[in-house]
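Turn these sequences into a full structure, and let the hints guide you.
Spelled out, the chains give:
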Amino acid sequence: MKSVAVTGLGVVSPFGTGVKAFWEGISSGSCAIRPITLIDTEGFRCRIAAEVPAGIAGSGRRSRADRMALAAAREALDDAGIARAERADAALIVGAVGGGMLETEAWYWQRTRAGAAPMPRALTSCFPSSHADVVGSALGLGGPRETIVTACSSGAGSLALAADLVADGVVPLAIAGGVDALTRICFMGFNALKLLDPVPCRPFDRERRGMSLGEGAAFVVLEDPQRAKSRRARIYGELAGYGMTGDAFHVTAPHPEGEGMARAMRAALEQGGVAPAAVGYVNAHGTATLQNDRIEARAMRAVFGEGRVLVSSTKSMIGHTMAAAGALEAVATVLTLLNELVPPTARLENLDPEIGFDCVPHAAREVAFEHAISNSFGFGGQNVTLLFRRAA
Amino acid sequence: MSDSRVAITGVGVVDGHTSGLTSRLLDETEARRLSRICQFTVAAGRLALGEAGLDPRGDLALLVGTEFGDMVSTIAFVDGYLRGGPVGVSPLLFPHTVMNTMAATTAIAVSAKDLSLTLNAWTVAGELAIARGAAMVRSGRVRACLAGGADEPPPMVVKTIRAIGGGADVRGDGAGFVVLESLESARARGVAIQGEVVGTAWRALPARPHGIGRGVDSRAIAAALAEAGVGAEDVGHVYTSASGDAERDEWEEALLDRALAPHQPPRRSLGLAAGRHSGLAARVVATAAAEAGDRLALVHAVARGGNQVAIVVAGPGSRRERSSPRLTTERALA
Chain A
1 MKSVAVTGLG VVSPFGTGVK AFWEGISSGS CAIRPITLID TEGFRCRIAA EVPAGIAGSG
61 RRSRADRMAL AAAREALDDA GIARAERADA ALIVGAVGGG MLETEAWYWQ RTRAGAAPMP
121 RALTSCFPSS HADVVGSALG LGGPRETIVT ACSSGAGSLA LAADLVADGV VPLAIAGGVD
181 ALTRICFMGF NALKLLDPVP CRPFDRERRG MSLGEGAAFV VLEDPQRAKS RRARIYGELA
241 GYGMTGDAFH VTAPHPEGEG MARAMRAALE QGGVAPAAVG YVNAHGTATL QNDRIEARAM
301 RAVFGEGRVL VSSTKSMIGH TMAAAGALEA VATVLTLLNE LVPPTARLEN LDPEIGFDCV
361 PHAAREVAFE HAISNSFGFG GQNVTLLFRR AA
Chain B
1 MSDSRVAITG VGVVDGHTSG LTSRLLDETE ARRLSRICQF TVAAGRLALG EAGLDPRGDL
61 ALLVGTEFGD MVSTIAFVDG YLRGGPVGVS PLLFPHTVMN TMAATTAIAV SAKDLSLTLN
121 AWTVAGELAI ARGAAMVRSG RVRACLAGGA DEPPPMVVKT IRAIGGGADV RGDGAGFVVL
181 ESLESARARG VAIQGEVVGT AWRALPARPH GIGRGVDSRA IAAALAEAGV GAEDVGHVYT
241 SASGDAERDE WEEALLDRAL APHQPPRRSL GLAAGRHSGL AARVVATAAA EAGDRLALVH
301 AVARGGNQVA IVVAGPGSRR ERSSPRLTTE RALA
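Top to bottom, those sequences are chains A and B. Our numbering puts the first residue of the first sequence at 1, with every later residue one more than the last. Our numbering puts the first residue of the second sequence at 1, with every later residue one more than the last.
Just so you know, not all the hints are guaranteed correct.
Claimed, not checked - Per the computed footprint, the stretches of chain A lying under chain B, defined by three or more beta-carbons under 8 Å from a beta-carbon of chain B, are: (1) 52-60; (2) 135-147; (3) 151-165; (4) 244-250.
Hints in this document: simulated from the structure, not taken from any laboratory. Note that the structure is predicted; figures quoted are calculated from it, not measured. From the three backbone atoms N, C-alpha and C, an ideal C-beta is built for every residue, glycine too.
Written out as structure tokens, the structure is:
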């Protein structure tokens, strides 16, 4: 794949609206995981998550997730300096899972318990594709429009598909990202699977007991590098390659040897023409479940060699934001390369000896790299690795 | 980027009327554990791969378009909580609440280890998955793929969508796939070629979410025809996405009138007769190819909100002269 330039970033995260708040939060190792206020948690083992603070812009008639997506996409387009007229040919690819389910659940709860409930307009935004329709319509994006659902790797997958469209010359630019609001279904499901830690998650720690949920949205503008240069756009970095693979193994469990994960990482490196030794940092999927962290480490060892790269988990600070995770972590990886600062893994006290990598505990570390990857893995064995190159 | 021609080498469609067929295509564990829509999807995938005689060898990609995902299981999951509180929540049902559950179970069933994509869109999801799949084969990103879709819309959901103005489509349920691979690969395998996908494009028309647009200029149709290297005069017939949503169907007619003018090839739709579901797109593409003869067929779909897909299809062994530089070059080399 021909590299594509990253020329705009937009984020709504548990640290608030905007890329600046997000970077300040993760680079300082702050924790945004707190008691849940959005939904009833009575009777569940875990009652915490990283919620986006109040003040998300947009009409209350729109779902929470639609508003987060719109705010992040708008910031990314403005950041890239893309005028309205240029947007008519721009592709929009959104990774999503929960759609507007938070509002739909509230209606369904009331309808079931009270026997009837007025149908809110927000019901039309129940499905994941709502975000793309809302963002595309509001921002005048007229190119290819897609909503991809690959569970927890959806946000990363959206960047990969958008990069294809730009690299193949189908469109001159694309905006891609992921979004998910906290939902009852997601909260109840992961509780039922006993995958949630009652206290804030501790990726790669020997004492880790599961993940924490989060919510948010992130979008990036991807552009043909020549086009970006000719209009003197600020280039944050390049998306140099990606790998998307399937485990074809189990609906919820990853392949025990991390075979599909390793294949995704190798495919990204091969596509970018980058040797494993040229990669300095991995923004890990790092959910803090016993299984994921060990298997991801196994896969990284197979690709890079033991201890050969720095590794950290953004989820230790903002929880697992589901479909938004891959996009938020892509933004984190781009900013890591740009700022020459690796965000830490928060609350990492005692590294699990089976991990075998320096997971940057507690505090960010100043290091400059040319290349970094971001891993995202989802239910169904859906693995996505994005390879980023530092801006020249 | 390579520039392969894309062959259709298999098709498999199952629905509520073919439950006997579905059960013969599943093993005991799948029949016991999978939800109905996942069973349909696995069965349709196996049917298509069987017809293509394709051994996945691990590098098969999978693209599943869906409007609703496994909404039946999602409602059952939620009802478990509403009846029994936290202890009523089923961990077994939870993975089915994510829309990629049909892709996940099918990938496992047919050992598809290349990328696996679930694409969610109103009423054009199956066509979008086929267009995306064809583009990936053409560019050389994937060797072969199963592309199509699956849906099982619960009556309560369909009723609710109608009540809030989301369209009055005639809905069906089922799953369907075509097998797409490079023409070169299909010829090397000596498999029967059912047709070719010669041009694809998908774009967003200006429209409000769930609304009907006012404009009738279609960039998707123009782009798909351009990719195929043909003009509107080469289109022998059109399969539309008409399925009973009067406003949207009318919009689609206007888009086609403008895009193909002054030519007005005959138009047909399978959605009204069979009931629209995302798997139907596979049957539409395969049928369009079978009926194309020496001309080309256009498979077109447009959704409320503006998502539009155009797929240009050629029949098996079409000998008509086309102006496509790609096709002309290949003939010259041959």
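Consistency of the hints with the structure:
Counting residues of the segment 52-60 of chain A whose beta carbon lies closer than 8 Å to any beta carbon of chain B gives 0, which falls short of the minimum of three for the stated coverage. Requiring three or more residues with a Cβ within less than 8 Å of a Cβ of chain B, the coverage given for the segment 135-147 of chain A holds, as 10 such residues are present. Against chain B, the segment 151-165 of chain A contributes 4 residues with a C-beta closer than 8 Å to a partner C-beta. That satisfies the three-residue criterion, and the hint holds. Closer than 8 Å: that is the beta-carbon criterion, and the segment 244-250 of chain A has 7 residues meeting it against chain B, so the requirement of 3 holds.
Checked against the numbered hints given earlier, the structure breaks only hint 1 and satisfies all the rest.
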